[in-house]
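**Student:** Hints in hand, dock the two standalone chains.
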Amino acid sequence: MDRRTFVKGSAALVGAATLPTVHAQAQAAPTKLRFGYAITLSGPLAPGADSTTVSNYKLWNKVVNDAGGIMLKKFNKKVPVEMVAYDDQGKPDELLKLVERLIQQDKVDMVLSPYATHMNLAAAPIVNKAEYPVIMTTATTNKTYDLGPRWPYAFWNISQPIESTEPLAKALAELKKQGKIKGRCATVHPAIEYGVEMNKAFLDEAKKAGLEVVTTKTYPFGSSDLQPVIREVMATNPDAFLAFSYPPDTFMLTEQAQIVGFNPQLMYVAIGGVFPSYKGKFGNKVNGILAYGGADPAAPGMAEYAKAHKALLNRDYEAGGVQVYAALQFTQQAIEQVGEIDRKKIRGVMGGSTFKTIWGDMRFVKQLNANPWSVSQWQNGELVAIAPTNKPGAKPLQFPKPAWS
Amino acid sequence: MILFEVFLNGLLLGGTYGLIALGLNLQYGVARILNLSYGEFFMGGAFTAFFTIMLWKFNPLLSLFISMPIAFAINWLIYQFLMIPLVRRAPDQDVLDADVVLVTFGLFFVFQGLALVNWSGDLRGYSFLSTGVPLFGATVALNRVLAFFGACAIAFALFLLLRYTRFGTALRAITIDPVAASLVGVDVRKFSALAFAGGGALAAASGMLVSTFISFSSTIGVEYTLKALIVVIMAGVGRVTGTLAAGLLLGVVESLGGYLIDPGLTIAINFGLFMLILLLRPTGLFTRA
Numbered sequence: 001m002d003r004r005t006f007v008k009g010s011a012a013l014v015g016a017a018t019l020p021t022v023h024a025q026a027q028a029a030p031t032k033l034r035f036g037y038a039i040t041l042s043g044p045l046a047p048g049a050d051s052t053t054v055s056n057y058k059l060w061n062k063v064v065n066d067a068g069g070i071m072l073k074k075f076n077k078k079v080p081v082e083m084v085a086y087d088d089q090g091k092p093d094e095l096l097k098l099v100e101r102l103i104q105q106d107k108v109d110m111v112l113s114p115y116a117t118h119m120n121l122a123a124a125p126i127v128n129k130a131e132y133p134v135i136m137t138t139a140t141t142n143k144t145y146d147l148g149p150r151w152p153y154a155f156w157n158i159s160q161p162i163e164s165t166e167p168l169a170k171a172l173a174e175l176k177k178q179g180k181i182k183g184r185c186a187t188v189h190p191a192i193e194y195g196v197e198m199n200k201a202f203l204d205e206a207k208k209a210g211l212e213v214v215t216t217k218t219y220p221f222g223s224s225d226l227q228p229v230i231r232e233v234m235a236t237n238p239d240a241f242l243a244f245s246y247p248p249d250t251f252m253l254t255e256q257a258q259i260v261g262f263n264p265q266l267m268y269v270a271i272g273g274v275f276p277s278y279k280g281k282f283g284n285k286v287n288g289i290l291a292y293g294g295a296d297p298a299a300p301g302m303a304e305y306a307k308a309h310k311a312l313l314n315r316d317y318e319a320g321g322v323q324v325y326a327a328l329q330f331t332q333q334a335i336e337q338v339g340e341i342d343r344k345k346i347r348g349v350m351g352g353s354t355f356k357t358i359w360g361d362m363r364f365v366k367q368l369n370a371n372p373w374s375v376s377q378w379q380n381g382e383l384v385a386i387a388p389t390n391k392p393g394a395k396p397l398q399f400p401k402p403a404w405s
Numbered sequence: 406m407i408l409f410e411v412f413l414n415g416l417l418l419g420g421t422y423g424l425i426a427l428g429l430n431l432q433y434g435v436a437r438i439l440n441l442s443y444g445e446f447f448m449g450g451a452f453t454a455f456f457t458i459m460l461w462k463f464n465p466l467l468s469l470f471i472s473m474p475i476a477f478a479i480n481w482l483i484y485q486f487l488m489i490p491l492v493r494r495a496p497d498q499d500v501l502d503a504d505v506v507l508v509t510f511g512l513f514f515v516f517q518g519l520a521l522v523n524w525s526g527d528l529r530g531y532s533f534l535s536t537g538v539p540l541f542g543a544t545v546a547l548n549r550v551l552a553f554f555g556a557c558a559i560a561f562a563l564f565l566l567l568r569y570t571r572f573g574t575a576l577r578a579i580t581i582d583p584v585a586a587s588l589v590g591v592d593v594r595k596f597s598a599l600a601f602a603g604g605g606a607l608a609a610a611s612g613m614l615v616s617t618f619i620s621f622s623s624t625i626g627v628e629y630t631l632k633a634l635i636v637v638i639m640a641g642v643g644r645v646t647g648t649l650a651a652g653l654l655l656g657v658v659e660s661l662g663g664y665l666i667d668p669g670l671t672i673a674i675n676f677g678l679f680m681l682i683l684l685l686r687p688t689g690l691f692t693r694a
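Line order of the protein sequences matches chains A and B. Residue numbers are given in this note's numbering: position 316 of the first sequence equals residue 316, and the series is strictly consecutive. Residue numbers are given in this note's numbering: position 81 of the second sequence equals residue 486, and the series is strictly consecutive.
Chain B extracted, bound-state conformation (with noise of 0.2 Å):
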């Protein structure tokens, strides 16, 4: 029964990784831009969520209302004034990669400073649906279950987006071929910089609902970056549902292996797989050779 419980944990902690990771995916695999700052929108989505329930007692979740709209706005300018400059001049995908490694790292460190100056670098922490619910005779939280219902939703919506309408159809061509999307008409510049500003927003809505049941302070972004990379590299870049599936891989690996063999050895199997996956198949798990 415990093993059943550990491996229903597995999944819901799955289900956050692939959350977190799903905006990164988008920025990069779109827009293709790695974002070294989109972990500071996660942290921003977090603490807007603590203002709301502590400072003004409202529903963490409305916070949704403000900090998602926020980050929209905040990654669509950076997209339009800071990156397209660098798109503009870099010859190739290369060069475009290591000058915005170095901008968005940078920007980091901005947003952690901004954020340290103005809400010190105190551990945050709030109560939200933080009581355990049976399933299936296993106990879960339910702020955990939140998240992970919270990504399925999600990843849900884009797939629809991509997938049927027509401007997700714009936007997997430019996933696949940024030149020829524009010789058939698509406005690249336009699209790529609306995926980039939807990724930051759900950089905050993620950042939003794990914020109900871990710890966080101004300077937990770093983190939250490094383990969405992990997982966009896992699913493949531009892969949706892909994402999900490898956050809810890598969570479930994580559990059974740290019950099963050691809790020692929980972040040793994360990286272990990452590898193996990285010698198998290079391009991620859920892209078509």
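Just chain A, same shape as in the assembly (with noise of 0.2 Å):
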């Protein structure tokens, strides 16, 4: 046992509230923070957890290497930050044997998110009960509304299902009550938790905001044909067709309308709708089209952002992972706040206070993500926040969505 892990072993049996100046004098100053995160890198989950995940993980490490690390006020010395990582193989239990091994053996400082919603929800206890504070940034689901009271030291990062369908039933009544649409909507998702949640969540804000749901149909995940699905949704004749979808089957349903020549006023898809290459196969073509989460590409931050982006991993950044990139200068602060590895302390801070990051002011109510961006839009070939509306930077909805040409 090397003196360092000595000392953070007694620190943590102890307890450092109880003999602050004791131990002052007895802690050198770390000589590298490690971050530590197990993750799926291997596996059909493996795309989505490197281009969201993974590669935020390695450029936020890059940056803050490059600026000298971490400044700990107590030692008044910046650290740099080393990580660790493991390959959950997409596999839940993997995934908790990884964590456990991270914490227990590795005694890494801190602890990551792994990817996914359901590997969000499997680490959240493991964490809580070791009391590492980690802001999972991969998890949308019903479940996170009351599972804030039960583990404390775990944060949700990302827009859930009432916040992310919410803005787009109160635009449609909106432009319904404007005259514009009779505010029939047609719902598609596959047979998945996300879709069923975000399906249930926008058919209760429907019924809320007036709206008439024409049809609403679901497939398997992995589908190779939606033609028949979007033949039945334009059957219905909808002002607005949403699909509550994963990334194949956001290209394939965007693919598969274009060729029947389905033209929605309003078309949203959920995951995958944001990314780079969904731009990259369409051109311009997703111009109008609503997706699931996003960013602001004009924040403070953002074009220095994109740069090391783009220098580092040689690809246009995923405004999916921008979310994850803020999680992480979030979390810097609240060390720096802190001044040393306290996670106790630096989980009280994280709890209240609020950050500035490229994903605008982030501060957490009940460990819920106050104002994550939710809906995004493609508007003259660049995505676009625009909701929450009253967030600063959001864009106004463009409608009608243009035909496709």
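Hints listed in this document are in silico derivations from the structure and should not be mistaken for laboratory results. Just so you know, these numbers come straight off a predicted model, no measurement behind them. Cβ atoms here follow ideal geometry from the backbone N, Cα and C, with glycine treated the same way. One or more of the hints may lead you astray.
Said to hold, decoys possible - Quick look at which bits of chain A chain B covers, simulated, 3 or more residues with Cβ under 8 Å: (1) 157-165; (2) 212-220; (3) 225-231; (4) 258-266; (5) 385-394.
Claimed, not checked - Below are the SDA-like pairs computed for lysine to any residue, each with C-alpha atoms no more than 20 Å apart in a straight line: (6) A:LYS177 - A:GLU212; (7) A:LYS217 - B:ASP667; (8) A:LYS58 - B:ASP527; (9) A:LYS217 - B:GLY669; (10) A:LYS217 - B:ILE666; (11) A:LYS200 - B:GLY669; (12) A:LYS58 - B:LEU521.
**Tutor:** Structure (structure tokens):
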């Protein structure tokens, strides 16, 4: 056992708060901070994990170390960050073992979020038990609403089903009030938890807003042909077409809607709609399409982020991953405010403070991000954030979506 | 009218299934190698097409001139240097199958890993012939029509090759009985290597054709290995036209079932049909009993 681990171990045992002065003398500044994560690097979820999460971990790690590291004011010293990464192979049980290992064996200073809703949910009780504050960056589920009080060390960064669908229903109700549409909505979703919950949330919000949902179609995740689904939706002649979809079907629905000439006045796709490759495939036909999540490309710091992303990873940033980078910026500022790795204090700061990030001013209320970007739209070939409408940087909705040309 | 369109699209989808399975059937039927890294060459073909149109701004069909020879060469090398030692030391086909599955499973990880390192895990897609064309009053996607005719052309060419050439006769002889074939003077090793390599090249070709209407990433290969495997087992090992027919059947049943019963059931219908065929005709639909 080296000196640092010993000091840290004893600090954890005795409790740093009880004997602060004695420990301050005993502790030398750490030579590095170790951030650990277990994430899906192989299997079907690996592409998403790589593009949204891992790439941003790597980028942040480089940016923070290029600046000398994280400032620990207790030692008046900048300390560089080292990442410890494991592959959970997309298996929740593997993830749990690895997170335990990061905490118990590797004794990392901080733990970072895994990828995908069910994996975030699986990791949350473990990090909570070990009292490691973690911002979970890729979980969208109704379950997060009541998990706050149960797992105080887990924070939830992205827009949840209600916040994601309410702006859509409100915008449609407004268009109906203006007499621009009749308020007929058609929804489709893959038969997976995310699709089911988002769809359910939208149906509730649509009802409240006085909209008529004319049809809802479910299809299996991984379908090879969605043209029949689109045909059935088309037959109901809706004003708005909302797909609570995952990346492969987001792409397929968009392509097949063009093939059969389905031109709803408003079209929403969920995950994948903000990917650079979505624009890469469809070009300017993406204009007017709404999508889940996103970021404000004009926010302070975004230009530098985009440049650094391109330089390190040789590809454009994914708007859905901006929040992952922001979560790290937030965590870094919380650590710097505390000035040392005292996870109880860091948790306290994270739970109540507002920090500036490239995803806007970030603050957590009951561990849920108070104001995450929830809906974005492709406007003139660029993805802009449009909801929450009161968040600085939000652009107005462009309506109607131009017909496929 | 919609029903007819659903049927047509099922036919096109089925053609795709057949196309994906043709190369695997060549590898499994003639060379007797169950290649679990098959889908990686499909993935390679898709990526080559992607780079050809997005990076170099050429027609993605031209990528076939790059991806097919490369896939052919790599598969030939795999057969000569990895499979031959296994074939030599295996006392019977069962042992060989087990060894081959392990080795090609390893290869699958190697190829996928290489792709992930070089091309990242990003989802890719491009637009090529993604317009609707009217066909007997229904609308079908031009890129799916292209893949369908690609499948038919390849199946027809293979059929002619196997049926009417000396080389094809030798391949058929190996399919039926490799030992007897070698006794009558067929160079089993050379011809098996060519069949295996040709199967790999077909995987790349199918990857190119299918990539025109799907989105894909470095990890997509295994999904298509599985799809191909189902079709091959349904059709019967070594049956070329049967492979195409089995693919068509699968596509049409999937589409009609999805439309008439429920789209949520398409995958269940696929596997239901698969199980039914396994139960009733375990050697495949198109093998003579």
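**Student:** Please go over all the hints and tell whether each is borne out by the structure.
**Tutor:** Results of checking the hints against the structure:
no.: 1; hint: 157-165; result: violated (count 0)
no.: 2; hint: 212-220; result: holds (count 4)
no.: 3; hint: 225-231; result: holds (count 5)
no.: 4; hint: 258-266; result: holds (count 4)
no.: 5; hint: 385-394; result: violated (count 0)
no.: 6; hint: A:LYS177 - A:GLU212; result: 13 Å, holds
no.: 7; hint: A:LYS217 - B:ASP667; result: 9 Å, holds
no.: 8; hint: A:LYS58 - B:ASP527; result: 16 Å, holds
no.: 9; hint: A:LYS217 - B:GLY669; result: 9 Å, holds
no.: 10; hint: A:LYS217 - B:ILE666; result: 12 Å, holds
no.: 11; hint: A:LYS200 - B:GLY669; result: 17 Å, holds
no.: 12; hint: A:LYS58 - B:LEU521; result: 16 Å, holds
Going down the numbered hints, you'll see the structure goes against 1 and 5, while the others check out.
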